[in-house]
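Enquirer: Take a look at the letters that make up each chain.
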Amino acid sequence: MRLRRQLILVSLLTLSLPWAGCQYIQEMEAALRHGQILALDATAQAVAQRVSSEPGLLERLQSPRWQQPASEQLYLHPVTTPLLLDGYDDDWRSLALQGVEYRSDVNSSVGNHPADEPSAGVTSSETPAAPVGMELTLARQGDFLWLFAWVEDAQIRYHNPSTGLLGSGDHLLLRTAKASMVEGWQDYVVRSGAPGEVSVVYRDRQQRERQEHRIQGVWQEHAQGFQLELRLPLSLVGDRLGVALMDAVDLPPVPVVNEWTLRELAQRPTHRGLGNIQPDVAAPYWVSLDDELNRTVAVFSRQGLKLQLASSNQWLLADAGVLQTSAIRPEQQPHGLLSWLYRLALGSKSFPVLEADTATGRVLAAESLLVQIDDPAAVVGGWYQWGRKRVGRVAEAIRDEQGQPVAAVVVEQSSDNLMALTNTAFNRLFFYTLLATAVAGAGLLAYASWLSLRIRRLSLAATEAIDDSGRIQDSFPESRAVDEVGDLTRNYAQLLTRLREYTDYLRTLSSKLSHELRTPLAVVRSSLDNLEHEPLSDSARTYARRAQDGSARLSHILTAMSSATRVEEAIRQAELERFPLAELIKSVGAAYGDVLPAGQLQVQVDASAEDCLLLGAPDLLVQMLDKLVENAADFCPPGGTIRLGLRAAEQHWLLQVANDGPLLPGRMQGQLFDSLVSVRDASNRDATHLGLGLHIVRLIVEFHGGEVVARNREDLSGVVFEVRLPKPAAAP
Amino acid sequence: MARKIAIVEDEIAIAHNYRDALTRQGYEVELYAARQPALAAFRQRLPDLAIIDVGLGEEIEGGFDLCRELRAMAPELPIIFLTARDSEFDVVSGLRLGADDYLTKDISQPHMLARIVALFRRVDALRQPLAPQQEEVIERGPLLLNLDRMCVHWQQQRVDLTVTELWMVHALAKHPGHVKNRQQLMDAANVVLDDNTITSHIKRIRKKFFQVDSQFNAIETAYGMGYRWLL
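Same order as they appear, the protein sequences are chains A and B. Sequence positions in the first sequence follow my numbering and run 2 to 733. Sequence positions in the second sequence follow my numbering and run 43 to 273.
Among the hints, a few may not be true.
Derived DSBU-like pairs: lysine-lysine, alpha-carbon spacing no greater than 35 Å straight-line [stated by the list, open to error]: (1) LYS249(B) / LYS728(A); (2) LYS728(A) / LYS46(B); (3) LYS250(B) / LYS587(A); (4) LYS587(A) / LYS245(B); (5) LYS216(B) / LYS179(A); (6) LYS216(B) / LYS587(A); (7) LYS216(B) / LYS513(A); (8) LYS728(A) / LYS587(A).
Bear in mind the hints are in silico, worked out from the structure with no lab data behind them.
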């Protein structure tokens, strides 16, 4: 992998910056959330303590009203807006109150009749009546109780006065308990002979049918049945309220009996009851917001904080404050990408969805239940998803003197502020880290490019430091930078300088050596010369002669050793002249032909090179050819041929000396032209080869600005030495 | 009267060997190991021939200095450099200082003796002209080469050649048109040299003739073979 790519990969590590930021934001958000929960809990505790410290309030909470099963009780929604008693629910709908729904199967009724009870009616069992349903909504406005009953009844039967019953048709039964009544209850029958105003009747203690005018109501029909709107003063209701729909299944088959009691009425098989009235039992307590508790709790409410007081049977006792709902909703995903990133980055935990308030009067928050069971020290709270917002909810128990929970305070607060905070933080973080990542990335990239440029430059310089012929270049670009790359460059330059010095030393070694050896050789030779003039025995003379021969050979070797130096000197003093290369090749070839065995040398001068004029030193070139041909002749097997060829290439004159000799060993090819390098067989002792011949060839070729390569023929039939001499730019 | 030869050589063994060889030939030989004693002796009395090593003990180029001083004292005195240093630069420097020849130390004794004899012959010829009929003279066009006097004239002008160079010219001019290869030239000049030294000798010879005649082109290179003298 290239250095630059590696650094780009490394620069990706800066992406951990936004990640860390997101982690931080998450941590922060969690901490804030926790803090908010604690704050809410503190509020809840304050409310709880405030309530429990007041005996009056505590007493209210301990009243039996809050101990009954909630499902039997009716909840009176406190209403402030005026209602119109017209039998229509338009004004009710605007209040968005949730009523209680009662629905009956065919045979079920409030008065749980035994199946085998002797029944006067026959029709009811023969024709099953259509199911009926009632939705009951109750409200409390000032001292009045309002009731709206929406009844689904396929068959409306109006009151028939001729029966003498209190309610012979479909009617509504109200069961109240006035404050004055210690025991027992009062039933009212709300009936009507036709759509319009209803008449409310009851039986007094003497079983006389009496009209109750304080209860007013309107009966209206609708497609599925009928509806009733009632208004009655709370003083008439007392603490308890039961409502039941008596649906007349059939007209009574029996004649009018005046002694019908209400108790019997409920048991009559002609009617089905639907509601919260149990036969022979007082109606359950009605429940509603407790004004006093509400006032107490309202003190603690503030913007965006919702406080609720739940009774032990989960009725809403006090309700103060609202969660901001509408303010946040309008913006529908302002930045799609940003919020997507937000969710992605912050890994938004999914919270349980909080159902919208149903206004049934029940507090169904799990916390309000939990808190009345759980360890009092624990903070009971959690977070909910409410639309796009999150809502924190905490509950705290209100305990009596014995520490028993009697009610629960539920505090809710949306995390709007929190969200805004983290949102802003995230936006900023997003921007800053994007900026930082971009800057760091760009910086790293630039730095990487710069560094890799330097290293590439160094690598290039190192590659070029030693040219194709293995010679070390004089100039190596030394960096002045003080860092490691600069050091490396300098060290490399130093290394190359040392190497160059060493190779220079090696190159001159032979001539230096020959200088040094020449003096002792002179001693030997002159001594041997003198010895010849001394009287010696024949055998001694033989030895002297051998010594003479040996020293002569040594002398030759020394001369050969310094030949490279001499060529360099000759090159320094060489004078360039323009001469026909082809003619030189031919005459040289002719000269070699005389020396070499007949037919061994073939000279081929290509027609393209016939008029070749070269600017150079012919003496040196001849010397070069001498060495090449000599070399070829040494390697050429008997019967093989040496080819001396010249032809023109695009920018060069190609001079080739080829022979059929053994191939070059692969390892030596690069160094073949170096000083003192020989690939010859060491067993060939009769000739002296110091490996200077080809070195001289290279010196001469380089002097002419050309290059020389040695390679095996492609068909491996021999070896080719190829000299490329540049054509003069201004050739005539 | 025996001729006096001074050998200035810091290598005692070589000096003694040469002394023995030269004494055997009937010369009187003086040995000097350094420049100063040699110079002092030369001031007293000049030798007939001086053989000088270039490097003399501590003085790397003491031989050159000595040659300069000696040449100043005696312009006619034959001087031979005998040295281990055979670089072109040293040869040229030595010859420029007025040495009559420049030899490397590994030259064989017979070759050196031949050179000494030739030099003495030249000196003698300068001092007392010999009878013309006795002289071995080669005349090739503008070239006049007297082997006895060891001198060359081109177009009646003297060309100042060293002994080695003169022998080479002689070998070429003796059979004009014949190619003399390097070995033949070496043999003629009584030297063992490598190709490049021959080439530079030829180059120097040409230059010396050029100084006399800028149109000189009598020595032709036969590439791959050697040189020949053109008529």
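Enquirer: Hint by hint, which ones does this structure get wrong, listed from lowest number up?
Expert: 2, 5, 7
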